[in-house]
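2 protein chains.
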Amino acid sequence: MADDRLSRVFSALADPTRRDIVARLASGDATVNELAEPYDVTVQAVSKHIKVLEDAGLVSRGRDAQRRPCRLEADVLDLMTKWIERYRREAEDRFRRLDAVLERTAEQSAADAPAKEAAS
Amino acid sequence: MADDRLSRVFSALADPTRRDIVARLASGDATVNELAEPYDVTVQAVSKHIKVLEDAGLVSRGRDAQRRPCRLEADVLDLMTKWIERYRREAEDRFRRLDAVLERTAEQSAADAPAKEAAS
DNA sequence: CCACTATTCAACCAATCGGTTGACAATGCC
DNA sequence: GGCATTGTCAACCGATTGGTTGAATAGTGG
Numbered sequence: 001m002a003d004d005r006l007s008r009v010f011s012a013l014a015d016p017t018r019r020d021i022v023a024r025l026a027s028g029d030a031t032v033n034e035l036a037e038p039y040d041v042t043v044q045a046v047s048k049h050i051k052v053l054e055d056a057g058l059v060s061r062g063r064d065a066q067r068r069p070c071r072l073e074a075d076v077l078d079l080m081t082k083w084i085e086r087y088r089r090e091a092e093d094r095f096r097r098l099d100a101v102l103e104r105t106a107e108q109s110a111a112d113a114p115a116k117e118a119a120s
Numbered sequence: 001m002a003d004d005r006l007s008r009v010f011s012a013l014a015d016p017t018r019r020d021i022v023a024r025l026a027s028g029d030a031t032v033n034e035l036a037e038p039y040d041v042t043v044q045a046v047s048k049h050i051k052v053l054e055d056a057g058l059v060s061r062g063r064d065a066q067r068r069p070c071r072l073e074a075d076v077l078d079l080m081t082k083w084i085e086r087y088r089r090e091a092e093d094r095f096r097r098l099d100a101v102l103e104r105t106a107e108q109s110a111a112d113a114p115a116k117e118a119a120s
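Which chain is which? The protein sequence lines are A and B, in order. Counting from 1, one number per residue, gives the positions in the first sequence under the UniProt record's numbering. Counting from 1, one number per residue, gives the positions in the second sequence under the UniProt record's numbering.
Bear in mind the hints are in silico, worked out from the structure with no lab data behind them. Some clues are possibly wrong.
The list cannot tell twin chains apart, which means a pair is met if one copy fits it or any two copies do.
In silico lysine to aspartate or glutamate, DMTMM-like type, Cα no more than 20 Å apart, as pairs [what the hints assert, rightly or not]:
(1) K51 x D99
(2) K82 x D20
(3) K82 x E34
(4) K51 x D93
(5) K82 x D64
(6) K48 x D78
(7) K82 x D99
(8) K51 x D75
(9) K48 x E90
(10) K82 x E92
(11) K82 x E37
(12) K82 x D40
(13) K48 x E85
(14) K82 x D3
(15) K51 x D3
(16) K48 x D99
(17) K51 x E92
(18) K48 x D93
(19) K51 x E85
(20) K51 x E90
For clarity, every value in this text was computed on a predicted model and none was experimentally measured.
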């Protein structure tokens, strides 16, 4: 119960290399060696990155002889989108309401004191 | 040029406490002390969390006497949603195409060998 | 001016992270 | 069987992280 799923997903995607790996997996499955090729880090480092993505549920692995092909699990991305969208919408609604209040207040002031400015 | 915006946003939200702070700010601005109250960590720790969120562009701060009220900047959330949705859609499309191919292949096999099952 | 409140800065600490090297397991091919 | 290929495990290292305590800054209100 150490850390929830959402935390693992967010922190998995906090690393640019891992985001890049996800981007590449979106256009097709790939083996660890294929994924490691473009970077100038060891294949072990990439293996670790993939493990992080796997623990977050973002990729699953198959078995093809001694190869362990990686596949993107897009479902988990919904989890993040849902979290994000919820608060974005909430904040936007709040701003909308605030704007409405301000507008009404402005109208009121105009009505109450049609020609008077606030004293300095 | 150390780290890009997206990395900062993702890693800011990788922490449960920070996600919680964002959630609370979505329903209204708050000061550091108010935000710190529910947690059993020092106010300094929360101040650091807010700084992380601020550096990621997720919150902005105002000035009201000696208070520095925090406000959620929801725009940045769009950045993440866009990144996520792009690859989710890409992966989904790929699966859809793959399904279509498999279906066509299945039809073909059925036509080629109407009554024959594959040998054990 | 003084005291109080709100917030941050600085130094420190343990844990985690991204990377390395080196050894090891598993599988296919000759 | 022997060997090359693919991938992981283990131990280590320096940097970063999330937390602490203690001191400093800044603005309010008597």
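| said: Are any of the numbered hints broken by this structure? If so, which, sorted upward? | reply: Hints 1, 3, 4, 5, 6, 7, 9, 11, 12, 13, 16, 17, 18, 19, 20 are the ones this structure does not satisfy, whereas the remaining hints hold.
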